[in-house]
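**Student:** Each chain, written out:
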Amino acid sequence: MRRFVIGQAKNLIDQTRRRPPQPHHHNNLRLLSLLRPPASDTTPVSSPRLFSSSSSDMPGSDSSTSSLPVTLDSINPKVLKCEYAVRGEIVSIAQRLQDDLKTNKDAYPFDEIIYCNIGNPQSLGQQPITFFREVLALCSHTALLDESATHGLFSSDSIDRAWKILDQIPGKATGAYSHSQGIKGLRDAIAAGIEARDGFPADPNDIFMTDGASPGVHMMMQLLISSEKDGILCPIPQYPLYSASIALHGGSLVPYYLDEASGWGLEISELKKQLEDAKSKGITVRALAVINPGNPTGQVLSEENQRDIVDFCKKEGLVLLADEVYQENVYVPDKKFHSFKKVARSMGYGEKDISLVSFQSISKGYYGECGKRGGYMEVTGFTSDVREQIYKVASVNLCSNISGQILASLVMSPPKPGDDSYDSYIAEKEGILSSLATRAKTLEEALNKLEGVTCNRAEGAMYLFPCINLPQKAIAAAEAAKTAPDAFYCKRLLNATGIVVVPGSGFRQVPGTWHFRCTILPQEDKIPAIVNRLTEFHKSFMNEFRD
Amino acid sequence: MALEYDSLNENVKKCQYAVRGELYLRASELQKEGKKIIFTNVGNPHALGQKPLTFPRQVVALCQAPFLLDNPNVGMLFPADAIARAKHYLSLTSGGLGAYSDSRGLPGVRKEVAEFIERRDGYPRPCASYLSYHSDPELIFLTDGASKGVMQILNCVIRGAGDGILVPVPQYPLYSATISLLGGSLVPYYLDESENWGLDVNNLKQSVAQARSQGISVRAMVIINPGNPTGQCLSEANLREILRFCYNEKLVLLGDEVYQQNIYQDERPFISSKKVLMDMGSPFSKEVQLVSFHTVSKGYWGECGQRGGYFEMTNFPPRVVEEIYKVASIALSPNVSAQIFMGLMVNPPKPGDISYDQFTRESKGILESLRRRAKIMTDGFNSCKNVVCNFTEGAMYSFPQIRLPPGALQAAKQAGKVPDVFYCLKLLEATGISTVPGSGFGQKEGVFHLRTTILPAEEEMPEIMDSFKKFNDAFMTQYDNNFGYSRM
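In order, the protein sequences belong to chains U and W. With the first letter of the first sequence counted as 1, position 198 gets the number 198 in full-length UniProt numbering; the numbers rise by one all the way through. With the first letter of the second sequence counted as 1, position 19 gets the number 19 in full-length UniProt numbering; the numbers rise by one all the way through.
Check before you lean on any hint, since a few could be wrong.
Unchecked claim - Short derived list, chain U residues pointing at chain W, Cβ under 8 angstroms: (1) 70; (2) 145; (3) 151; (4) 155; (5) 156; (6) 179; (7) 191; (8) 244; (9) 312; (10) 315; (11) 389; (12) 483; (13) 484.
Unchecked claim - Lysine-lysine pairs mimicking DSBU-like chemistry, simulated, CA-CA at most 35 angstroms apart: (14) 105/U x 87/W; (15) 105/U x 273/U; (16) 172/U x 444/W; (17) 336/U x 352/U; (18) 14/W x 229/U; (19) 14/W x 352/U; (20) 364/W x 172/U; (21) 315/U x 364/W; (22) 426/W x 184/U; (23) 164/U x 35/W; (24) 417/W x 444/W; (25) 272/U x 13/W; (26) 250/W x 172/U; (27) 526/U x 111/W; (28) 426/W x 102/U; (29) 36/W x 184/U; (30) 36/W x 314/U; (31) 32/W x 172/U; (32) 281/U x 14/W; (33) 350/W x 526/U; (34) 272/U x 14/W; (35) 172/U x 87/W; (36) 444/W x 81/U; (37) 229/U x 164/U; (38) 416/U x 350/W.
It is worth saying that the hints were derived from the structure and are not from the lab. Beta carbons: idealized from backbone N, C-alpha and C, even for Gly.
Bound-form chain W, shown alone:
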């Protein structure tokens, strides 16, 4: 055999990702046996019945079949603004959806992204050196989903095992997997659950000092805002501290901001790292290197299957940008239909457009329902015995802590399972709810969680939470009684 497991790239083997994870395997088996499984483990809204927004799908359908635009009956199927927008995007391409674009994405779409960023962040604003505040289309690269962008940037940063990347724990495992594939070192910093998953800069300093004492050069820091799996929104003050920290320690900041549309409270709206950085002024705004990532997979769009995203670089020297461009060019170009989705996302219908009302109704409907679902879920978890859950301020997940009694820990040990896996498996068997154990994201020693999405249909939510509570409370009682653990 030409390729044995033993001779594979060690970094690939090390990459922390097992295809047949125990819970997924079991859930699939149960589904095959005919049991109804509620998949609350994937941030994949359309798979759980969320309908795509109508307007963008109309525009992209027309771009797919541009000959429809010449058909006199096209107006029977498509509104005039969708037709106009399809013509607009086709005019930005050199050969429609079937031609490779510039490797960084269509210049016209990148310009729309830059304009969106300027509108969102309130820049440019009058200022002595305002030019540097412009969002520059040359520094925006479109990608096949945000993950590809993260991989491209980390590939530039990581030279070997001596290079470390600060990653929050709990984290979205894209980061650990990519760092591992690239042969770098993951340097964890812990989010503080008792402070609503707050990010304490003192922890960061400690993490960096400890990594350095082990000979690791910390090169970059990842923040996920709103948090995945933790759902917290970072405050402006916190972002300032983080940016100052990156400035002092000379770290590239990777801002995973893919959930920026998914905000479910009003106290802490989403604020981009770029805006805070620009607000801070010189020297920070000129020297902190920032890459921020966005996607069409999340928000009220949820267009995961399109694989569309972008990243924006700030304070990257032109020659480094050229190198990143070169690497992007080896993959030729991101897929063009997703580029158009991105254009539509940053430039949706405006008041007065024919499709505006429908678009607004659909997008608001999704967001408001998600907001209600976030609350139902948090409240549901908090009503359960030995479960405490921070409110999902943003993103798409709930990450309750499950306080397992000693009896359950003992039982898990006897079953040869990590305690949260043990709990999640029992939950799956009893209720069909398929979750992800907290150990998949990293958590403090001796503390256990699970992650669910808040994506099941709203009308099914009360029943799901009831069934969860029934299981949980029985579970807790069972292990309390058997081992004499008494609740406070």
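Isolated chain U (complex conformation):
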């Protein structure tokens, strides 16, 4: 905060200096923000138009509220425009069903709602890693460290680690705002973890710790996007954080299509084509977003493919936004995660050659600590004046939450062989990852057995994204119900089985194809029942609508 305040002081001072003397002191209305022409209302060329909740269809029709200052008519139109399907209409229906289920159990052919809409593992019963939580508990209530009884309840290395972390926090104050990039000692641990992962150096000053990965993505969008003339290349299908953030910042999403037939492959020729197409529309493409492993598509990029992507960004002068939050979630022996930074450095490209931002989160991996809101971005290849701007934006929000910061440092520096907790840590971690792999495989095989359904394997991440070849009759019925065909299918699925998935239209898809996203996160013992219900539902759906 002090940096914030003093920086503020400096700027106001600069303004004061520049301002000509004003004779009427008592009447000097100072507009601290400079005026600029009102933002254009034109829709960004590639703005995603997803199936939307009914609320945004008829802005301002609520006549009783028209005298209020903020109504749908007068709300920021960028807010109206953005959509986030992972928590969209289907989820609202599911929540209503869940409430109704409590009192009205007999009205439904199922007895619970199974949320496969969101990558929220611990809400579905995944247990946290014990060591991480021990350290967090000790840091939350540091008086425990002075109690002898603590040694009976906590592992010895968790106590050591808590001390070590507290020593890195000025005044051992876990309740104080930290440096706006995060506590320096924790960033040191993260940088060391990145070095160990990549075999290339990492600088703690390049790390910006954030409340989950999403605020980091927003921060970069804020920097990159000035208007709808600024474009961001995003994969289609994409994780809707990207489309929503681009819409909120008033930019243009420039789509590049992943090739479903080749396991959601990323073709450089497609990138080139879309880049040229955007240019011809007057859009300056500023960055390329790559999600690896893919969300919702689950593919893991090959190193060769990554090299081509790096070269493409270097040649075209694009910032590479590498969403690497699923880096620990790889389920197939023939694929391996490589960070884009490692790939770029192994090609001999350094700071001056490519601007690269890598996002990491504690919400995914084997830890799945979504509720902690921890993450970081590693920012390399930017000039110092740009870096200062990133820092400034980070500082307006003071800092990210400290327990999220501590956990981010822990996942990048877990127990080592010989530590008291090492064996239990490895057992917990491998148990979770191997179970996820089994679940991914079981669900994928079941989906591929369904009539008209094809599903690429989940090489990584937490999702399956099957393609459903919907009969014309179903498409017509969806149109009659004024809903997208895949949303129609997903609503039917929910009402028949209690299984919540997200329609492919929420992620965008090749026009005329239909998908849904289903997480692989329900606990293993629930998977057979899910497969059965899904199979039964699909059969009856096809029986009803088969052409």
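We have chain U; now place chain W onto it with these hints.
**Tutor:** Below, chain W alone, put in the same frame as chain U:
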């Protein structure tokens, strides 16, 4: 290079916030050189040695490590009410601290917040249309600190440079920074220092008229009560005038009420904008749109590092609330441990609970000490030559006016510095006291201030004020003598 400074979003560059502000830079340099620096520039109590309250930390530690709850020896380390409360909060989650919550925050915690607001404001009370007076958990959103909430609301209000937000001057720079990032226009209104930083509605009218004449549509007004950096508490009569003004001008009122626990006098207790609005009755209570913000970072909690807060909306149509919910959902959810801190803050131990006495002792101890420190500081400043300081009625800051003699203004000019920066730098060099110049918050032309927190440890306070006085009086004498300025 893919991203040049020149091609960055102009709103980001414009955002008035320089990372390496001159004073902070200098203070850090001096600290590195081994000089003892007294950081009185940040409202960050734990960083200055304030100890966290024990009970909430116990509860959250148990929520962090829920397996402790199954351990038969847990009672050796934790009191029974902390254990019960941890179980209570865990039962409100769907998967403990590690699962995303509802994007608005855990429904159970939002209910506790709503109940707190009802208790605090005395609503619901018997009344014809009492239903609208209820604090509704559906209109309460938990956030990662109050700042995130302010950003979310301003993001909904600001459509472009033609939209103006009334902000007090002096102000907390979150507002100027956020308005700038969102590309809106800040419309200042001046607080009256001679009236103990009073808010004169006539000034508001003038500010709005002037903004309108420049083609700006004023959409919302910010009040900070208790004030930051100014420390004043708004009176009920004043709040009524403000709310009537917002009604007449169709403005959303953003009530920054994060310092509501930090009150250091008895004449003007904290009164929430919501209570005054409800007291005013129809049409005001039905038509003025109000958002009030709260946090776990301030009060006697001071849990800045948790990033916990909430905002409550009043008179927001359901469809607008839905839009705000949608934007909140893109960030998935606020961090769950801070949500539990918020639950504990609005629902602390009650008489009869095992931890009640300790909790009360700790919280009272902090507040009473802050009250004493506020007085030591104000008195200390007022004993200095050419310094006048309003009493810190609330919040965490002292904002004395420094009447710089012409000689000092001249010297500052020669040094190429704004006068209050010049003064604060000299103060830092001489005493190690790191403050923020008033120009960081905005102030009237030709008038100079500095902001300090009242957070240094109480036992160090007399020495700090002595050292301040010594510096100040010498400074004033020096520049009086050199330039022949004579004191009245």
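**Student:** Next, verify each hint and record whether it holds.
**Tutor:** Hint by hint, here is what the structure shows:
no.	hint	verdict
1	70	holds (5 angstroms)
2	145	violated (11 angstroms)
3	151	violated (11 angstroms)
4	155	violated (11 angstroms)
5	156	violated (15 angstroms)
6	179	violated (11 angstroms)
7	191	violated (20 angstroms)
8	244	holds (5 angstroms)
9	312	violated (12 angstroms)
10	315	violated (11 angstroms)
11	389	holds (6 angstroms)
12	483	violated (18 angstroms)
13	484	violated (18 angstroms)
14	105/U x 87/W	holds (27 angstroms)
15	105/U x 273/U	violated (53 angstroms)
16	172/U x 444/W	violated (40 angstroms)
17	336/U x 352/U	holds (27 angstroms)
18	14/W x 229/U	holds (19 angstroms)
19	14/W x 352/U	holds (26 angstroms)
20	364/W x 172/U	holds (23 angstroms)
21	315/U x 364/W	violated (63 angstroms)
22	426/W x 184/U	holds (30 angstroms)
23	164/U x 35/W	holds (26 angstroms)
24	417/W x 444/W	holds (17 angstroms)
25	272/U x 13/W	holds (31 angstroms)
26	250/W x 172/U	violated (47 angstroms)
27	526/U x 111/W	holds (32 angstroms)
28	426/W x 102/U	violated (68 angstroms)
29	36/W x 184/U	holds (21 angstroms)
30	36/W x 314/U	violated (47 angstroms)
31	32/W x 172/U	holds (19 angstroms)
32	281/U x 14/W	holds (28 angstroms)
33	350/W x 526/U	violated (42 angstroms)
34	272/U x 14/W	holds (34 angstroms)
35	172/U x 87/W	holds (27 angstroms)
36	444/W x 81/U	violated (41 angstroms)
37	229/U x 164/U	violated (48 angstroms)
38	416/U x 350/W	violated (45 angstroms)
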